[in-house]
Structure formats: structure tokens, C-alpha cells
Amino acid sequence: MAGPETTVHDSFADAFAAANATSRWKKYLPERIIKAVLFVCAIASIFTTVGIVSVLIFEAALFFQEVTIWEFLTNTKWTPLFASKNFGILPLVTGTLLTSIGAMFVALPLGLMSAIYLSEYAPEVVRQIVKPILEILAGIPTVVYGYFALLFITPILRAINDDISVFNGLSASLVMGIMILPMVSSLSEDAMRSVPRSLREGAYALGATKLEVSTRVVFPAALSGIVAAFILATSRAIGETMIVTIAAGQNPTFTLNPFVPIETMTAYIVQVSLGDTPTGTLEFKTIFAVGLSLFVITLAMNLLSQFIVRRFREVYE
Amino acid sequence: MKSVADNSPIIETRDLNVYYGPTCVISGVDMEVETHKITAIIGPSGSGKSTLLRCFNRMNDLIPSFHMTGSVLFAGRDLYDAGVDPTEIRYQIGMVFQRPNPFPKSIFDNVAFGPRVNGFRGDMNALVEDSIRRAALWDEVKDRLKESALSLSGGQQQRLCIARALAVQPQIILMDEPCSALDPISTLAIEELMRELSNDYSIVIVTHNMQQAARVSDYTAFLNPGEDKTSELIEFDETRQIFTNPKDERTEAYITGRFG
Ligand SMILES: Nc1ncnc2c1ncn2[C@@H]1O[C@H](COP(=O)(O)OP(=O)(O)O)[C@@H](O)[C@H]1O
Ligand SMILES: [Mg+2]
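Read top to bottom, the protein sequences are chains G and Y.
Mapping to the numbering used here: the first sequence position 56 is 56, numbers consecutive.
Mapping to the numbering used here: the second sequence position 119 is 119, numbers consecutive.
There may be inaccurate statements among the hints.
Using 20 Å as the maximum straight-line C-alpha spacing, the simulated EDC-like pairs for lysine to aspartate or glutamate come out as follows [said to hold, decoys possible]:
1. Lys210(G) x Glu71(G)
2. Lys210(G) x Asp85(Y)
3. Lys105(Y) x Glu129(Y)
4. Lys37(Y) x Glu12(Y)
5. Lys37(Y) x Glu227(Y)
6. Lys210(G) x Glu88(Y)
7. Lys105(Y) x Glu71(G)
8. Lys247(Y) x Asp61(Y)
9. Lys210(G) x Asp61(Y)
10. Lys210(G) x Asp190(G)
11. Lys229(Y) x Asp218(Y)
12. Lys131(G) x Glu120(G)
13. Lys105(Y) x Glu135(G)
14. Lys210(G) x Asp109(Y)
15. Lys105(Y) x Glu88(Y)
16. Lys142(Y) x Asp130(Y)
17. Lys85(G) x Glu71(G)
18. Lys105(Y) x Asp85(Y)
Covered by chain G, per the in silico footprint, the following chain Y stretches (three or more residues, Cβ under 8 Å) [said to hold, decoys possible]:
19. 56-66
20. 103-111
21. 122-132
22. 184-190
Just so you know, the hints here were simulated from the structure itself, not pulled from any lab data.
Idealized CB from N, CA, C, for every residue including glycine.
Bound-form chain G, shown alone:
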């Protein structure tokens, strides 16, 4: 029988395992610390987000105790700072819609064309130069874009058509379009470059020209990625603040006329935050109601884009 032998063997194994475990623990200690630190950072950012959202919801709830959601969503006048108060968010929504849609009218075609150029046509050298430049464009502070709109674009527009007011949605839209252009272009380009080379070759082998390969094979195959880019850019335009505050006016008007002064949701929040409206008043609480609406809209857009991106992964399998 091997009874005693086994015992000796086992205790050896145990000792060995124990020694090993201590040294392993020591070896991995720095790694554990780093892991813990990173975990705390991740948690902190989650808590911050949750905190912001809860404040928004809490303050907005106070607002909706005094103003019904129905009035908020259907009234076409927004005059919380006037003697006769109206709390209809629609004028702010149309202001935001007008400038965002206008911006996308600029950014989508230009962004797509530049993406097609960069991904399909540009020699590697050009790509290496143009891409960083586009990214620099994305890094310009938006306040600079705002004054560019007000002091450069608006005078040109007014010279062309004198119906256009000093503050107007058009100028802000155009410049905001230029601001989000790099985003549309860069994300769309990524989507197009991730289309497998074999698909392009398949099309070239059938006698397709470069333009046909780009528009009939690469573009459709990348479409969901491009749509996602488009939605992300739209939600960026909806949340954009400085350009519209500076160039579009502070005049909530229920209109889609791009020539007149308007006010967007973001611009209104700036206006009240910077003004002398006392905290705690109903007027002040409006900014949380508007902020919550803005949050819901952009969140919905981002979820939509994530959904589309997820579907996009399956396309060439």
C-alpha cells in the first residue's frame, strides 16, 4: 500500500502550492492596485452621470408640479421671463430643429463626399495629411465658430439678401454644419474603409469604375455605419450651444423661417443661467425642464445609433 508515501507527497504538494500562491500574490499586487484604481474611476464617472441625471429629473419634476406636461408640450409660446408667462417648449424645439436640420444639410453631403474621397480615391499621402487637418477642424472651440458665424457669414448672407436679420438660424446652421463636418466625414470614412477589400475587388473584376465601386458597393455596404455617423452628428448638433447662442438670437419663435432670430433649447439654458433669474423660482426651474427634454432627445438619438451600429456588424458575415 502506498499510504504513507501519499501523505508525504501530498504535504509536499501543499507546501509547494502555498509558496507559489504567496509569490503569485506578490507578483500580481501592482496589477490588483491598478485594477482597483481604474474601477474607482469608472464608478466615479457613472456616479457623476447618475447624479446629473437625478438633479435634472428632480428639478424638472418640481417644475412640472406647477406647469402641466400638456401645456409644456403643446403651447406655442415660450415667455417664462415675461409678465404674461407661457411655458410651451415648441418654439425652442423648432429653433433646435431648424438649426440642426440646416447643419445636417451642410454636413451630410459634404461629409459623405469627403469620406468617399478619402476612403476610395485619395492616395495614402493625401489621406495622411487631410485626415489630421479635419481632426483639427473638430478641435476648434465652438465659441470661435459662433463669432465666425456672426461676424463673417451673417454679413455675407445679409449682403446677398437683406431680409435676413442680424441674428438668424441660417448662418448658425451653415457654420454648425461646418463644425460637425469632420465628425460625419471621419466616422463615415471609417465605416467605408471597414468594407472588406474583397468586395471592392469583386466589383472591379466585373468592369466597374471607381465611382461605381464607391457608390454601388462600398456605400451601400457601409450604409448602416454611415447612418450611425449621421445620427451621432445630429445629436451633436442638437446639443451644440455656443454657435446658436451667439449667432441665432435669443428670441423664441415658433417658426421654421431661417432668416429671423430664433432661440434653441441650449441657447435658452445659457440665457437663463447667465441672467439674473433667482434660483428656486419657477422661471429658473424651466432650465431643468428644457435640459431634461434635450437630454431625452439626444439619448434617444444615441440609442438609435448604437442599435444601428450593432446591426451593422452583421452585414458582411
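Following the hints, put chain Y with the ligands in place on chain G, whose structure we already have.
Leaving out everything else, chain Y with the ligands in the frame of chain G:
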């Protein structure tokens, strides 16, 4: 079909040298592709089989570092002449790739793609049906032409790619290891199909599978890299000759599997 006298080669290369940047990958290739025959290109991996094949339809033009000397004659005309439009060449010379690469479109749109970009103005339904039939795929897909091509099996996708190539009514079909991503049964189906197609088309197939070359081809070209990594055409002859009575000992070593 644009036809050529049946006994003259449809493609001829003359002292073809191919470079990627400064590196010469194949040199001094003189070979022919006979009309309505199957020509196999064999050789170890990296020996420039795909590179040679891609010279026949100017697909190499898409690689910036590519350049070549010598000439490739297609029906007597130099493919690389300054006045030749590569897109025009490519719809007279179809190509099937190593991995099936259907477009993420419907089965119908895959086959109709080539005719559409080439401005085909006839009966598209008939052309698509005819092409799919020729690729021996019709019975399997006739009820699902609107479905995505990606819903097909690998072997079906590869036959769809053949149908797609046939739809532009080429004279030659170039196949780059068309079965290497397929199971044995699909492979057999494609080989049978190739024999069938060789009645109407000239076919060049790259393969690293010698049994396949022996089974399907009429002519075989053997490429092999030398000391300096530059490949040469070691031997080009009727397949029967190459496999039963090779003239060069390197060919013999390769086909009998005695190779480093
Ligand atoms: N695009 C390219 N750029 C540079 N070298 C290449 C390129 N494609 C192939 N090569 C090189 O050319 C040689 C032949 O390649 P290839 O024609 O693909 O061989 P095969 O098809 O016989 O395996 C290999 O050494 C390969 O590394
Ligand atoms: Mg190859």
C-alpha cells in the same frame, strides 16, 4: 459571343516580369492560354500564381507598388497598351476569387451588378436566369432571388460568384483557388462546372491542389521561386505531360510531393 479562331491562344504573355516596388516576384514568363481549354497554374504558396493571374485582367493595377515589363496579349492585342481601358478589359475577362465574395445584396442584384455597370440594355431577367443556370445554381435559388446572397452556403456563394462573372459574358474566366475555402462536395461541384464551362469559355485556374490541376485542366503551368525568391515559369505543357512525364526535375519533385 466575341469569338476567336479556336486554335489560336486567347492570352499570351511575352517575357513578363512583375515587380512590387523594387522586388521582382516573377520573371521571364512566356505562356499561352488556349481558347476553350482549362489552364492550371500551380506552384508553392508565394510563388506568384495570383500575381500572374491578376496580370491577365489588370487587377494588379489596383496595387500602387505594382509594375511590369514585357507584354500580355489578349486576342492579339496588348492589354497594357496605353490606350486600353482596364475596366473594359475586366468585363471581357471574368474573375472568381479565393473566398466567395458576394456583395451584401440580393442574389439577383449580385448577378445583375456587372451587366448594370456595363450598361446592359436587354432582358435582365433572362440574362440573370441564364447566368445562374450556367453556374448550375438555378434549382437551388430560383425561388429566393430576392434574398440576400449572404444567406447561401459557401459553395453556393462561390457558384453565385461564377454566375456573376458569367453575366457580363466574358471570353475568359480567371479563378484564383476557387475551391480553397470550400468543402469536398462543393469542390467537386465546382470542378464539374468548370469542365462544363470550358465548352464556351477559356478558363485559367490557380490551384495549390495538384490533384485538382490533374483532374480538371488541359494545360498546366508550374511556377517556382528560385534562390533569389523570384519565381520563374519552370514548365508549361499539356497537363498529361506535366503529370506523367515532366521534363524538369523541379516539376517532378513538386508534383510528387518531394519538395522542401
Ligand atoms: N500587394 C503586394 N505588395 C507587395 N508584395 C506582394 C503583394 N502581393 C503579393 N506580394 C508578394 O508577391 C509574391 C507572390 O505572391 P502571390 O502572387 O500572392 O503568390 P501565390 O498566389 O502563388 O501564393 C509573394 O512573395 C508576396 O509576398
Ligand atoms: Mg494566391
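Hint-by-hint comparison with the structure:
| no. | hint | in the structure |
| --- | --- | --- |
| 1 | Lys210(G) x Glu71(G) | violated, 55 Å |
| 2 | Lys210(G) x Asp85(Y) | holds, 13 Å |
| 3 | Lys105(Y) x Glu129(Y) | holds, 17 Å |
| 4 | Lys37(Y) x Glu12(Y) | holds, 14 Å |
| 5 | Lys37(Y) x Glu227(Y) | violated, 33 Å |
| 6 | Lys210(G) x Glu88(Y) | holds, 13 Å |
| 7 | Lys105(Y) x Glu71(G) | violated, 48 Å |
| 8 | Lys247(Y) x Asp61(Y) | violated, 34 Å |
| 9 | Lys210(G) x Asp61(Y) | holds, 12 Å |
| 10 | Lys210(G) x Asp190(G) | holds, 18 Å |
| 11 | Lys229(Y) x Asp218(Y) | violated, 28 Å |
| 12 | Lys131(G) x Glu120(G) | holds, 14 Å |
| 13 | Lys105(Y) x Glu135(G) | violated, 33 Å |
| 14 | Lys210(G) x Asp109(Y) | holds, 19 Å |
| 15 | Lys105(Y) x Glu88(Y) | violated, 24 Å |
| 16 | Lys142(Y) x Asp130(Y) | holds, 11 Å |
| 17 | Lys85(G) x Glu71(G) | holds, 12 Å |
| 18 | Lys105(Y) x Asp85(Y) | violated, 27 Å |
| 19 | 56-66 | holds (count 4) |
| 20 | 103-111 | holds (count 3) |
| 21 | 122-132 | violated (count 0) |
| 22 | 184-190 | violated (count 0) |
In the structure shown, a violation is registered for the earlier hints numbered 1, 5, 7, 8, 11, 13, 15, 18, 21, 22, in ascending order.
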